[in-house]
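**Q** Protein chains in written order, with my numbering: chain B, 1047 to 1507; chain E, 1047 to 1507.
Hints may contain errors.
All copies of an identical chain are treated as equivalent in the list; a pair is satisfied when it fits inside any one copy or across any two copies.
To be verified - Each computed BS3-like pair below joins lysine-lysine, with the alpha-carbon atoms no more than 25 Å apart:
#1 K1080 - K1503
#2 K1402 - K1499
#3 K1402 - K1503
#4 K1142 - K1499
#5 K1142 - K1402
#6 K1270 - K1402
#7 K1080 - K1142
#8 K1270 - K1142
#9 K1270 - K1080
#10 K1270 - K1503
#11 K1499 - K1080
#12 K1499 - K1270
#13 K1142 - K1503
#14 K1080 - K1402
FYI, nobody ran anything at the bench for these hints, they're computed from the structure.
There are 2 protein chains.
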Amino acid sequence: MDMSGGRERLVVIGGDAAGMSAASQARRLRGPDKLEITAFERGRFSSYSACGIPYWVGGDVAERDELIARSPEEHRARGIDLRMGTEVTRIDVAGKRVRARDLASGAESWTPYDKLVIGTGARPIRPDMPGADAPGVHGVQTLDDGQALLDTLARTRGRRAVVVGAGYIGVEMAEAMINRGYEVTVVNRGSEPMSTLDPDMGRLVHAAMEGLGITMVNDAEVTKVLTGPEGGVRAVATEDGEYPADVVILGIGVRPETSLAQAAGLPVGAHGGLLTDLAMRVRGHEDIWAAGDCVEVLNLVSGQEQYVPLGTHANKHGQVVGTNVGGGYATFPGVVGTAVSKVCDLEIARTGLREKDALRVGLRFETVTIESTSRAGYYPGASGMTVKMLAERRTGRLLGVQIVGREGAGKRVDIAAVALTANMTVEQMTALDLGYAPPFSPVWDPVLVAARKAVAKVNSR
Amino acid sequence: MDMSGGRERLVVIGGDAAGMSAASQARRLRGPDKLEITAFERGRFSSYSACGIPYWVGGDVAERDELIARSPEEHRARGIDLRMGTEVTRIDVAGKRVRARDLASGAESWTPYDKLVIGTGARPIRPDMPGADAPGVHGVQTLDDGQALLDTLARTRGRRAVVVGAGYIGVEMAEAMINRGYEVTVVNRGSEPMSTLDPDMGRLVHAAMEGLGITMVNDAEVTKVLTGPEGGVRAVATEDGEYPADVVILGIGVRPETSLAQAAGLPVGAHGGLLTDLAMRVRGHEDIWAAGDCVEVLNLVSGQEQYVPLGTHANKHGQVVGTNVGGGYATFPGVVGTAVSKVCDLEIARTGLREKDALRVGLRFETVTIESTSRAGYYPGASGMTVKMLAERRTGRLLGVQIVGREGAGKRVDIAAVALTANMTVEQMTALDLGYAPPFSPVWDPVLVAARKAVAKVNSR
C-alpha cells in the first residue's frame, strides 16, 4: 500500500449523496491522522436531495438550501478536502491517480490515491429532437436545473405545462405544476403512466391523474419542441398532434454516468452501470469502490443486475463503501426493487417483479388483484386501495407487489419488501402479525388480503 | 367419524369474529350437503368489531351497526344455523355433544358434533372494589357495553370522565372522551401509560397525553368508586386522593373466557387460555379446535405462550380453523406481538419483546433509541418519531421495536414485524429496500436509522 506521510490517501469522485456518504463514513471510522480524504465535485452543490427538486419547484419546499444535507464547508470542517467546481477527467488505474481540472481556472493536475471511490452519479436522458434545447425546456436532475425552471416559471405568463415522461419524475413534476396552478399535460411513450407498474395498475394511475385534472397522452413519442417567434417554447409535437406549452419539463429518467470509468477500463453491465462485488468494490479492482447512481445492483428476486437510481440506495451504498474503505466491514446484498411515489393524494408503490420482469427471467407465476381500504371500513378517512400480488407457481414464493391508493397505501409496500428480502411464500405472509387497529388497518391488512387470495390461486393449480 | 345423514356435523361455540370466521371459511370449503354447521351465541350480536367501540363512543363511527361485519341473518343465509341468545353450558367431550340453553325460554338441549370449534372469547377484568357496579361505571368490551355507556353520556350533565387503565383500551377511550368534549383523567396502576411499551417509551406517551389535555395519574390503584346521593358515580378514589367523575370507564383488559372448556377438562396455559397445536386444534383432542380471545398463542420471539386478545388474530385463527375443519390445511405459526394504537394524533406501536420480556426468557440484548421524522425533513408535514430497538447480544438478531410518534409512525412497526418473523439481524435490516420518496420517508427510514445504530452497538461489545 502506497502511503503518503504515513497516511492512506482516499480519493472520491463526485460530491453528492453516494460519494460524500462514503467520505463521511470513512472519516467517522478513521481520523485525519490515518486517512487523507480528497473529493472532487464538478458542480456547485454537495450532498443534496435531487428527489426533493419536484417539491421545491411545486412550492412545498420554500428554499433550495433546504435540500442540501451538508454544504462543502461542513464537509471541510469534518476533515474532507472537498474541491468544488473541479472535474475529474481521467482515472489512471495502473498509476493509481486521477487527473482533475479546476473548471474556473482550467488548471489540471494529478492526485494519487491508495483507495478510490467512484460516485459519478447519473446523467439525464435528453431526447434527440429539434427544439430540445429551446428556452423553456427543462430537466429536473440538478439544483441548477431546478433553479433554471423556477426562473422560467417566474418570467413566463402562460400557464400551460407539458411534462414529457410519466415515470416517477414525470408524475411528481405533474403534481408540482398542478400545485403551481398550471394546466398540465403529460406525454408518455408507454401505454399507461408509471411503466414501473404492470399496465393494469398503470391504468388506475392514469384514471386518477385525469381525475386530478391532468391531461394524459399515452402511446405518444414527442418528435419535436415547437418554438415561438422569440425562440421560446410554444408547443410539443407528437406524430398525432400538438400540445401547446409555455414550459416543457423533461422527466424521462437517467443513465449511469460512467464514461470516465469506462475510459479507464472499469467493468460496466448491460445497463451501463459499474459492476461491483458485495462490498461494492468494482469487480476485479482491489482498491476501487463505486456507489450510487453510477452502479448496477443485484435484484434479489430476479437474480440479475438492475439499474435503480434512487437517493436511498446511494446513501446505503455510500455507507457500505465508507465502512469498507474506513477499515470496517459491510456489504450491500442487493435490492428488491421498491419504489413509492405520489401525485397529489394518489400514492403509487411497487416492489419486486412486474409480470414482464418475471417472464424475462423464466419465472412462472399467478397474479391476484384485490380492493381494500387503508383503515377499518367504518373508520373516518378509510380510503380505497388496489393491491396486486405476484406469487411463483407451485412454490408460492412472493415475487412482487404493486399498490395504488390514497393516504396510507404507499408505505404498505414495505411489508412486501421485507417479505421479499426474506424469501417468504404468500402462505407464510398470511400469518404475518401486522399492526392492527381501526384507524390503521382493516382487520385483515390489504397486503394480507392479497396474500390470502394468492394462496388460494397457487393452491388451485 | 360419526356422520348424521351423510353430513358431518360442526358445532361452533361463540358467534363473534373467531367462531364465525371459522364457520364461514368451513362453509366456503364444504357446502351444506357435506357439512352441517350449528353455531351458538349467547349475546345479541354476531361478528362485530369490538375494537371499533371506542370510535363509536367517541363519535367517529355514527352507528352501532357499522361495527357489525355480518348479521345473524347473513350467516343464516350462507347456510350456518346460528342460534342467538343461546348459551352453551357444557361440553361433553366423551359424548361429543354440547348442551345449550335458550336464554329467553330457558329450554336446554344437547347437540351432537363431529367437530367442535371453541370461540368463547374473553371476559373483561372487573376490579373487585366498592362501587364497581354503580350506575355510570362502564366497561367497553361488547356492543351492549358501548350502548350502555352512550346512554349514560346522553343523560349525564357533568363532563368529567375518569378512565381506569392506560393500556390500548384506556388510551383509546381517553381519546373518545376528549373527542366528546370531556375533561379526562386516566388512572393507571403502572409507572407510565402503555405498559406494553418499556417505561422510557411510555414516558413519551405520558407527556403527549398531557399535551392533549389529559390528566395522567400513574402508580395509582383505584380502591373504590364513590357514589352520590342518588347512587350514581361521583368520584374515583385511590390511596392518594379522589378524582371527581361523572362517568367512569374501565379499560383494564380482558382474560380468556375458558370456564366452559376448563370444566370439560380441556388444557389451558399459564394465562388461562386454551392451548392448541399449530393447526389450532386443542392439544390432545383430535376433533376440537379453538380460536380467538380464548386461546394462548406462541410468541415466535420469546418461544413461549402469550395471551394476545386482538381482533386481527381472532380473524386469522378463524380462517385457519375453518380451513382445517373444512377439509383443507392451514396453520397459525404464532405471533411476534405487534400492536398499534393512537390517542388523538399520537401513534403508538410495538412489536417483539420489551426489555423485561427479553430478560424473562433469558435473552441478553442491546437497546438503542433514535429520533427521526416521518417524511424527509424538508417535506411539509414531516413529524418527529422515536424508535427504540432491541437486538440480541452477539448475534444481533432483532428482538423488538417500539415507536411513538405522529402521523406515519404507527404502521412502520410492520417493517419490524416482518423482520422478526423472518428472524433477521439488525445488520440485515440496514440493507432493507424500503419505499423512499420525500413525502413518505427520510432517505434512511427511521426503522433503518435505529437498525444502523443497533449494529454499531452490537459490534462494539
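**Q** Evaluate each hint against the coordinates.
**A** Quick rundown of the hints versus the structure:
Taking the shortest alpha-carbon separations for K1080 and K1503, only the inter-copy value of 23 Å comes in at or below 25 Å, while the best intra-copy value is 59 Å. When the C-alpha separation of K1402 and K1499 is checked against a cutoff of 25 Å, the pair qualifies only within one copy, where the shortest distance is 21 Å, while the shortest distance between copies is 38 Å. Taking the shortest alpha-carbon separations for K1402 and K1503, only the intra-copy value of 19 Å comes in at or below 25 Å, while the best inter-copy value is 42 Å. In the homo-oligomer, the alpha carbons of K1142 and K1499 never lie at most 25 Å apart, since the shortest distance is 57 Å inside one protomer and 34 Å across protomers.
Taking identical chains as interchangeable, the C-alpha atoms of K1142 and K1402 are never at most 25 Å apart, the minima being 43 Å within one chain and 54 Å between chains. Taking the shortest Cα distances, K1270 and K1402 never come within 25 Å of each other, neither inside one copy (30 Å) nor across copies (67 Å). Taking the shortest alpha-carbon separations for K1080 and K1142, only the intra-copy value of 19 Å comes in at or below 25 Å, while the best inter-copy value is 78 Å. In this assembly of identical chains, the alpha carbons of K1270 and K1142 never lie at most 25 Å apart, being 45 Å within a copy and 81 Å across copies at closest.
Taking identical chains as interchangeable, the C-alpha atoms of K1270 and K1080 are never at most 25 Å apart, the minima being 55 Å within one chain and 69 Å between chains. In the homo-oligomer, the alpha carbons of K1270 and K1503 never lie at most 25 Å apart, since the shortest distance is 47 Å inside one protomer and 57 Å across protomers. Only between protomers do K1499 and K1080 lie at most 25 Å apart by alpha-carbon distance; the minimum there is 24 Å, versus 57 Å within a single protomer. For a Cα distance limit of 25 Å, the shortest separation of K1499 from K1270 qualifies neither inside one copy, at 47 Å, nor across copies, at 51 Å.
For the identical chains of this complex, K1142 and K1503 are neighbours neither inside a copy (57 Å) nor across copies (35 Å), given an alpha-carbon limit of 25 Å. In this assembly of identical chains, K1080 and K1402 lie within 25 Å of each other by CA distance neither inside one copy nor across copies; the values are 50 Å within and 42 Å between.
Consistency note: the structure conflicts with the earlier hints numbered 4, 5, 6, 8, 9, 10, 12, 13 and 14.
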